[in-house]
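Here is how the chains run, residue by residue.
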Amino acid sequence: MFLPLFLTYLKIGTFTLGGGYAMLPLIQREVVDRKGWIDEEEFLNMIALAQAAPGLIAVNSAIFIGWRVGGWKGVCGAVLGAVLPSFLIILAIAMVFREWKELPAVEAAFKGIRPAVVALIAAPLFKMAKSAKIGWGTALIPIAAALLIWLGHVNPVWVILATIVLTLCFTWLSSYRSSK
Amino acid sequence: MLYLALFLSFFKIGLFGFGGGLAILSLIEMEVERHGWMTQQEFVDIVAVSQVTPGPIGINCATYVGYTTAGFWGSVLATSAIVLPSLIIMLSICKAYFWLSNKFQGNPYYEQTLRMLRFTVIGLVASAALLLIKPTTFIDPVSWIIFAVVAALTILPTALSTVHLTPYTKKVTEIISHPILLIVLAGIAGYCIYH
Numbered sequence: 001m002f003l004p005l006f007l008t009y010l011k012i013g014t015f016t017l018g019g020g021y022a023m024l025p026l027i028q029r030e031v032v033d034r035k036g037w038i039d040e041e042e043f044l045n046m047i048a049l050a051q052a053a054p055g056l057i058a059v060n061s062a063i064f065i066g067w068r069v070g071g072w073k074g075v076c077g078a079v080l081g082a083v084l085p086s087f088l089i090i091l092a093i094a095m096v097f098r099e100w101k102e103l104p105a106v107e108a109a110f111k112g113i114r115p116a117v118v119a120l121i122a123a124p125l126f127k128m129a130k131s132a133k134i135g136w137g138t139a140l141i142p143i144a145a146a147l148l149i150w151l152g153h154v155n156p157v158w159v160i161l162a163t164i165v166l167t168l169c170f171t172w173l174s175s176y177r178s179s180k
Numbered sequence: 001m002l003y004l005a006l007f008l009s010f011f012k013i014g015l016f017g018f019g020g021g022l023a024i025l026s027l028i029e030m031e032v033e034r035h036g037w038m039t040q041q042e043f044v045d046i047v048a049v050s051q052v053t054p055g056p057i058g059i060n061c062a063t064y065v066g067y068t069t070a071g072f073w074g075s076v077l078a079t080s081a082i083v084l085p086s087l088i089i090m091l092s093i094c095k096a097y098f099w100l101s102n103k104f105q106g107n108p109y110y111e112q113t114l115r116m117l118r119f120t121v122i123g124l125v126a127s128a129a130l131l132l133i134k135p136t137t138f139i140d141p142v143s144w145i146i147f148a149v150v151a152a153l154t155i156l157p158t159a160l161s162t163v164h165l166t167p168y169t170k171k172v173t174e175i176i177s178h179p180i181l182l183i184v185l186a187g188i189a190g191y192c193i194y195h
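Sequence lines, in order, name chains A and B.
Quick note on the numbering used here: the first sequence kicks off at 1 and runs consecutively.
Quick note on the numbering used here: the second sequence kicks off at 1 and runs consecutively.
The set of hints was computed from the structure by calculation and includes no laboratory data.
None of the values given here were measured: they were computed from a predicted structure.
Heads up, the beta-carbon is just placed ideally off N, CA and C, and yes, glycines get one too.
Be careful, since some hints might not be right.
[Stated by the list, open to error] Distance condition first, Cα-Cα at most 25 Å in a straight line; then the derived BS3-like pairs of lysine-lysine:
id	chain 1	residue 1	chain 2	residue 2
1	A	K127	B	K171
2	B	K95	A	K73
3	A	K11	A	K35
4	A	K130	B	K170
5	A	K101	B	K134
6	B	K171	A	K130
7	A	K180	A	K130
8	B	K12	B	K95
9	B	K171	A	K35
10	A	K127	B	K170
11	A	K11	A	K101
[Stated by the list, open to error] Partial pick of chain A residues on the chain B-facing surface, computed with a CB cut under 10 Å:
id	residue
12	R68
13	V83
14	E102
Taking the hints into account, I'd like the entire structure generated from these sequences.
Set out below in structure tokens:
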């Protein structure tokens, strides 16, 4: 099962721009509709697990489907296929990028692109906040996290760890109280 | 030593990169800035390149940083390092799949932690954007105009989601809010204004 998974993920990896979430519809079409490797329900479970686990969503989904379909060989094939296209493209770009950037035309274009990138990072925040069903109270969590990292220069790793530990403590406290 | 530092940094990014995509950016930014592997301008440029080339942003950044700091093998190492935590954790999850989906669904600790992480991830994305608002990226008032126009166009489909649209106008809003088109347009604008 190495080759079929490798080729399918190579196709997915080559034709999805923007990565992560942009990959999901294409994965669905290839893996669920065309190949029938997993069904719709399992696909939804896969998305939930791929998001809950740390790491890149595209890679996580490749691992899940590779494992379900072809065991170890499937995992190797799917992960290689998912990673290889972007690896090769960026490698080629990295080889010439610093020289190209010396060109005044390229540098001018990037002067226009940089603020656009910041906007592209910031704009999905509204959609994310909406789908997370954020309220006035819970809005304090992302605000505190952003301020700690931005102004406090706290490493995001600590913010994530603190979220996990605090949530576990509060959940334990509230279940302890209600059991009393 | 450089190889070890590269490996550890990208392993850490893979291990704590919850939420994928944009949420991973502030982690990468902190690591590359701490080690001086990339300037802030270079980081933004690579994010821009990532938006117009296929593949996950995390892989793109790992490959680029690996290559520019330690050559071809550096890029192989950094890319493997960012994938490795996923491989370990996701495979354990797959092996325990039936057990997990039966026992963990509805478990208050698991559900609450995931819910809170979703909120934190929004903060991580916000911090990635805030960290980039600096004189190196916003060089003059024109930068802010480009920022505002791109932000407005990107939010457009979400803002109009409650309004009834004809299929044609819906298609148009989808096209003009596409990140690739916006980056290309911003590049053309930059060329015309600054060249």
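A quick look at each hint next to the structure:
Annotation: proposed proximity of K127/A to K171/B holds, straight-line Cα distance about 19 Å (limit 25 Å). Of the supplied pair hints, the one linking K95/B and K73/A holds, its CA atoms being roughly 15 Å apart against a limit of 25 Å. Note on K11/A and K35/A: the hinted pairing holds, with a Cα-Cα distance of about 13 Å set against a maximum of 25 Å. With a CA separation close to 20 Å, the supplied pair K130/A and K170/B stays within the 25 Å bound.
With a C-alpha separation of about 20 Å, the suggested pair K101/A and K134/B falls inside the 25 Å cut-off, and the hint holds. Distance hint between K171/B and K130/A is fulfilled; the C-alpha atoms sit about 22 Å from each other, no more than 25 Å. Distance check on the hinted pair: K180/A and K130/A sit about 36 Å apart at the alpha-carbon level, beyond 25 Å; violated. Of the pairs offered as hints, the one joining K12/B and K95/B holds, with about 23 Å between alpha carbons and a cut-off of 25 Å not exceeded.
Using a Cα cut-off of 25 Å, the hinted pair K171/B and K35/A is violated, with the two alpha carbons roughly 29 Å apart. The suggested pairing of K127/A with K170/B holds, with an alpha-carbon distance near 17 Å, which does not exceed 25 Å. Distance check on the hinted pair: K11/A and K101/A sit about 30 Å apart at the alpha-carbon level, beyond 25 Å; violated. The interface hint given for R68/A holds, since its Cβ lies 7 Å from the closest Cβ of chain B, which is under the 10 Å cut-off.
Satisfaction of the interface hint for V83/A is found here, the shortest Cβ-Cβ separation to chain B being roughly 6 Å, below the 10 Å cut-off. The interface hint given for E102/A is broken, as the beta carbon of that residue sits about 13 Å from the closest beta carbon of chain B, more than 10 Å.
Going down the numbered hints, you'll see the structure goes against 7, 9, 11, 14, while the others check out.
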